[in-house]
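Residues per chain, in single letters:
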Amino acid sequence: MTITTGIDVGTGLIKTVLFRVEDNSITCLAKRTDKIRQRDPFKLTEEAYDGLLAEAGMTRGDIAYCATTGEGESIPFHTGHFYSMTTHARGALYLDGEARAVLDIGALHGRAIRIDERGKVLDYKMTSQCASGSGQFLENIARYLGVAQDEIGELSKSADNPEVVSGICAVLAETDVINMVSRSISAANILKGIHISMADRLSKLLKSIGANEGVVMATGGLALDAGLVAALNESMQQQKINMTVRTHPDSIYAGAIGAAIWGAYRYRKLAELGHLAKAS
Amino acid sequence: MTAPTPTAAKPTVQKDRSMAMQKAMVDGNYARLARAEAERRKVAYTFVPGNINELLMCFDLVVNYPEINAIQNGMRKKSGRYIMEAEKAGHSEDVCTYVKADIGMMLKGNIGPNDERLPNPDVLMLSYTGCFTFMKWFELLRHHYKCETTMLHVPYEGGSGFSKNSRDYVVKQLKETVIPTLERVSGVKFDIDRLREYLKESQKAEENWVWVLESAKHKPSPIDSYFGAIYYISPIFTAFRGTPTATEYYAELRKEVEQRIANGQGPITPEGEMKNEKYRLVVEGPPNYTSFRDFWKMFYDEGAVIVASSYAKVGGTYDFGFRHDPDHPLESVAEYCLNCYTNHNLPERVRMLETYVNEYQADGLLINSIKSCNSFAAGQLMMMKEVQKRTGKPGAFIETDLVDPRYFSPANVKNRLESYFQMIDQKRRATAA
Amino acid sequence: MRCFIGIDLGSTTTKAVLMDENLDVLGRGITNSRSNYDTACAVAKQEAIIDTRFTLLRRNLGKAPGVAGKLDDVLGELERNFRLQQFLVQLADLEKTCLEYADEARYASFGSAMNDMLAEIFVRLRKEAPEMFAPGAKRKSDFFRDNAGSRYMSIAEDLAKQTTIPFDLLLNLYDKAIIEVENRPPAEHLRATFLRGLEGVLARAPELGVTADMVAAPVHQALDVELEETYVVGTGYGRVRLPFSKEHIRSEILCHGLGAHLMYNGTRTVLDIGGQDTKAIQVDEKGIVENFQMNDRCAAGCGRYLGYIADEMNMGLHELGPMAMKSTKSVRINSTCTVFAGAELRDRLALGEAREDILAGLHRAIILRAMSIISRSGGIRDQFTFTGGVAKNEAAVRELRKLIKENYGDVVININPDSIYTGALGAAAFAQRAVIN
Amino acid sequence: MTTTKEIIDRCEKLYEDMDFTAARAWKEAAPGRHVIGYMPIYVPREIIHAAGMLPLGILGGGDQLEVIHGDAYYQSYICRIPRSTIELAVSGKLDFTDGMLFPSICDVIRNLSGMWQLMMSDKYARYFDVPQNYQDDVGGVYYTQELHELKEDLEKISGRKITNEDLRKSIAVYNENRRLIKDLYELRRKAPWKVPTTEVYLLLRAGMVLPVEEHSQMLKDYIEAASTEDRPLRDNCRIVIQGMFCEQPPLNLIKSIELAGCYIVGDDFMMVTRWLTEDVPLDGDPLENLSQAFLHHSENVSAKYVDREEDKGIYLVDLVKKNGGEGVIFTSPSFCDPALLDRPLLQDVLKAHGVPYIAFKYAENSGQMQPIREQAGTFADSIKLWSEQ
Ligand SMILES: Nc1ncnc2c1ncn2[C@@H]1O[C@H](COP(=O)(O)OP(=O)(O)O)[C@@H](O)[C@H]1O
Ligand SMILES: Nc1ncnc2c1ncn2[C@@H]1O[C@H](COP(=O)(O)OP(=O)(O)O)[C@@H](O)[C@H]1O
Ligand code: SF4
Ligand code: SF4
Ligand code: SF4
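Chains as they are written, first to last, in the working numbering: chain A, 1 to 280; chain B, 1001 to 1433; chain C, 2001 to 2437; chain D, 3001 to 3389.
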């Protein structure tokens, strides 16, 4: 039995999970998210880590491997770091065994990952540096429209005549949106329009890494946005990509979960090799 | 860059005979392409700038111009989808959208703008002049079609004018690689006298074409040398140069323009004759095709006519004296290739534009910079500065794309044009006062 | 009297300038741009009219016997009172709107707790309000949205901790309500608000060393002057959507050129950094535009960029400059992509760099980009005038001065405290020209 | 003996020095010396050297140069190297050069040659074309003639004839330099932990600004030092990077790739130093020999036309195989036509040969390395976690 933690240091959120990994069972013991909101992410990571352990009645000493992912490369107390596409791949597979591709949609970047049945990353791609299709952008627009995060999905699904955002640049797109409001386009149609353009980008990304069958698991914060997931499925159909996008209530934890599982794998490997790294 | 053919944005008001002819020619070539496989005719793909159409005709090849397809698809609003298709297949967002529109179309079954399947090439005639992208474009097509490819490397004119070494090199390539390959592919033996005959026709058409171009020196200008010229250039820049049909077309066009001058008429726009000429501009750079009409409208609505453009020279800078020469057939084909607009170095291009602004009495130089075309775009800002400095006329700079609808932002372009026109106006009023 | 109004509908702010037929500026008004352009214009215009009233008040009171020497105190008091009244009116509107939304399903589950919470928030907001308008008080911004918003957030965050109502929900409620409040056309009758402001002054008359008689008459007189909107010209990014006919619209390039010329008639080069565009304009000795360049479609390094940074740091826009001025070390920042501004900032903070140094680097990056656009338009000729909202930012100005000196030597650099109104000023002048030739 | 650290420190100084102090010093050391700048990717430096001149590689402004005027010449959708190069020129940093060569690589550099002529009409600037036809009597004849013209141009600048003997000597010097670079790469192939690519890069960069003899000595010293120094071996995978032949990556980019768990065992840095794959013969006509070497023994990059479809991309497969590479990272400058247009073709070939790859873009002044680390790191992770299962 190996107890591990996975910490996914994101741009907007820190996701922390505690796992027990046994030969044929992997169990999640606890999880939490912390909004960074202008706080020092490193300090917050430490708080989140200790907080989670406290919840589970454990101490750092009980942890075999503390794995970070995301922007956690330089967290001082981790045992090791895995890069985020490696971890999202594994996390997605844990959440849905049929996943053969992953779309990780976070605050700033979208990532498409093609995997095999063991969670091996076969190919992947990130959205480019200059993009309006990010969670951050959607968040800003939603706030501007007075729509709460958890309302976005339903609202978008109720759109009857979505208005597509033309701009490539988020700043200009923002003005586009203001223009739309001034033309009395409804919030639902605007949000759906943004979802469509994000979805098109993402499905293009998927196609470009050669993903074309099976299940696509949406992970990251925006996987919780049902409107985006719906738009994704429509876009896939339109683009004749024969895949279904699924999501999971724990999708946002995928990176952290993957890190925890890989941590356990690595721990055993290191144990075999005889040099055990001790989680500090 | 390119040359064009206009069937999508056909003027609705006035249908001159030349327009009908031109449309019939373009449609005819697509029909020929569609029949090619059934008729077992060999097909060549090649580029507009520096094309060796007369030579290709000597081998009875049917010629497909991928750039023209991209334009046609742009005008028919299909290019956006094709570009996405190519990007999905791994092509970068940053590169020439002509290439992506073409590759996208190929990936989607090579259905041409006339909705019929285009034949696969039997030979890719890579006339590599004026643009680096050409080379990679045909490598990409070759990779797909696995067909015979022949490269004609036309050295860049880095200094003023081309060197004898360059010309000899091009002629030698024609003789030693291009002609033998075309003979092999087509099974037709090369006959230099046949080439001479075609070149004779070219020469005739070229004379009248230059006359039409220069008619824009009149006030008001009877033609629009950018938007309108898109239609005029298509025969001479593509599969028709060297045919009697093209010769006839330019003779007819000339007659019509003569008539317009006699009547004191302005150019024909999609909404009829432009009545009041307020601004005369020289334009550098290709147009945008996905919103061609809207783009043009931004000009004629304001009374702006384009009196000269570099784009109307991509298939030959005839107005600076070049003519195909039946007495020196291969040499003149070589010179033609060396002479295409973007194969000239920047100082040369600046000189041309300067000449245009002065000789056509323009109010200034407008640059339409194409996001994905380095061949035109790299250096345009400096060209603008130089032309401004030399002519004392203000320049303006707008940015669009040829066939990628994502990069045509009407509000943005209009804003700049409006400011530019108002600036010219304000200046004029100040000088008058 | 005949008034000529210029309105500059910018991407982030809408500005109005009101002038008389002698090209004398009487009032300026500004508001944040919003989705309802008509409202944005109406508010900016109204603000300009309010400002005009204050100008007239100043003139009248200045002439009034016994007020001399106390003029600033009296006017200051009047203005603070007026602003407070204005604020309270808007606050009441906001509260009402919030309460209406609180009935919606997603909030209703909290029952009366939600209403109680809102009541408490607004009680506190109202209580704080006078302090916000006390003499010498610093406000976060000139706009109701920001002032009410930032206080609402911090009170709500505090209160939310003590209850089961999530902060995000309160935030959302505010977002919904503020849009509605903002997009309501402004109330027409200002006279009453002025008079209430006047009451406040009169209440403190003895402290101010004046009597009711000295003040009341000149104030009434000033309020009685009829301001006739003779001609309005619109410009700015949103001008095509202005409810004006074509002859009432001018390109922002011409307006900025002319506006800068009117402010400093030696101006030859103008730099305007606005919310999402940067323009460099060359003008001749009459203010006629000779050449101009704008940033391309990429909005990197424009004013909005600073807005993102300010949001990210939870600071007010006008606090950024002073903080950057404290920097002692230069940090090189190459990407001014607005979308990634936050990421860049976090990256740098993670590397252990100090906030003020990063901020200084960011300011330099913006100015470097502007320098490139200037260079594109033909460089800097004497005199140089810096306009637009970013000209208010001292750190940006410092970098600009440095770079101009290095690249163009000693040229006169003009920066007007009212630089943000340059476009509107030009537009107003065009309005005046349209009528008086 | 000098340590690698000392050598690399020196290289780093040269690398950071945007004023080209070393080249200026060389020029001032004796009267009548000339410096000829050249841009990527290939010019025959032997001829410049034979003219008694210093060939100076100009590779843009990196991530430290503040580009003010350069941006005035280029739209945002054009790569960065020409704008920072213009900045260097406009700000007087290249005023000591006597001429500039612009090799045939893409439309941007091609047009830059014209801009140079407009901006600096008093200075020598030549667009140097190379043949895309590899037949001796066609491309060969053309190229030899171009070499002759270049030689004559340089003779005009220096005022003295370049003899065949001069040319032979220079060819020998460059043959040696090329051999040493090959040795360096061979050492890296065998023990990549001893020869970090960041260092290889800096060493090659030094060769752009130093006289070739001095550079060769530096290479010798480094190879000797690196072979003996002990450095820890890490659990990294071996990858080949492609696409950096023109606009230079920020040093941090190379570091980031290495940090993310990759040993770089193949690259396309500074191709001018490795363009000719074999020693150029010393007997016979030297220009003819250079021409022949170009036609028949030169390296492949994306700026070159590949005559036969079946040869396309094979060089890359060979590069991977020869160096024991486990994957390829395409890292190309944004908006770089040659690299980006070629990429899909190369990727297809890699796919056919079962070589994994990833791709991303950079600019010479990219600051954010997080996405780069993430992508390279994931690539390394997947090779490490999953190879040989
Ligand atoms: N319930 C939700 N519905 C929609 N979007 C959400 C929800 N929760 C979080 N998000 C979005 O997810 C993003 C954070 O995603 P995450 O994967 O954590 O990104 P990162 O790892 O880059 O921080 C935020 O931009 C936020 O807007
Ligand atoms: N008080 C201030 N202090 C510093 N910067 C300011 C201030 N007010 C506005 N700005 C800056 O000016 C920008 C708006 O400038 P403005 O000229 O109004 O632009 P626009 O016309 O596009 O709305 C804002 O994005 C902000 O960066
Ligand atoms: S500011 Fe906008 S256009 Fe510019 S790089 Fe950023 S996202 Fe792209
Ligand atoms: S880069 Fe320009 S010239 Fe070249 S093919 Fe594309 S559009 Fe034509
Ligand atoms: S980076 Fe690429 S596009 Fe730019 S100059 Fe170099 S080869 Fe040309």
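Simulated from the structure, these hints should not be mistaken for laboratory data.
Don't be surprised by glycine CBs; every beta carbon is placed ideally from N, CA and C.
Certain hints may be false.
A few chain B residues that don't get close to chain C, going by computed Cβ distances all over 12 Å [claimed, not checked]: (1) ASP1016; (2) LYS1255; (3) GLN1426.
Which chain B residues face chain C? A few, computed with CB under 8 Å, are given here [stated by the list, open to error]: (4) LYS1146; (5) VAL1185; (6) ARG1390; (7) THR1391; (8) PRO1394; (9) VAL1413; (10) SER1419.
- [ ] Check each numbered hint against the structure and report the violated ones by number, ascending.
- [x] Per hint list: 3, 4, 5, 6, 7, 9 violated.
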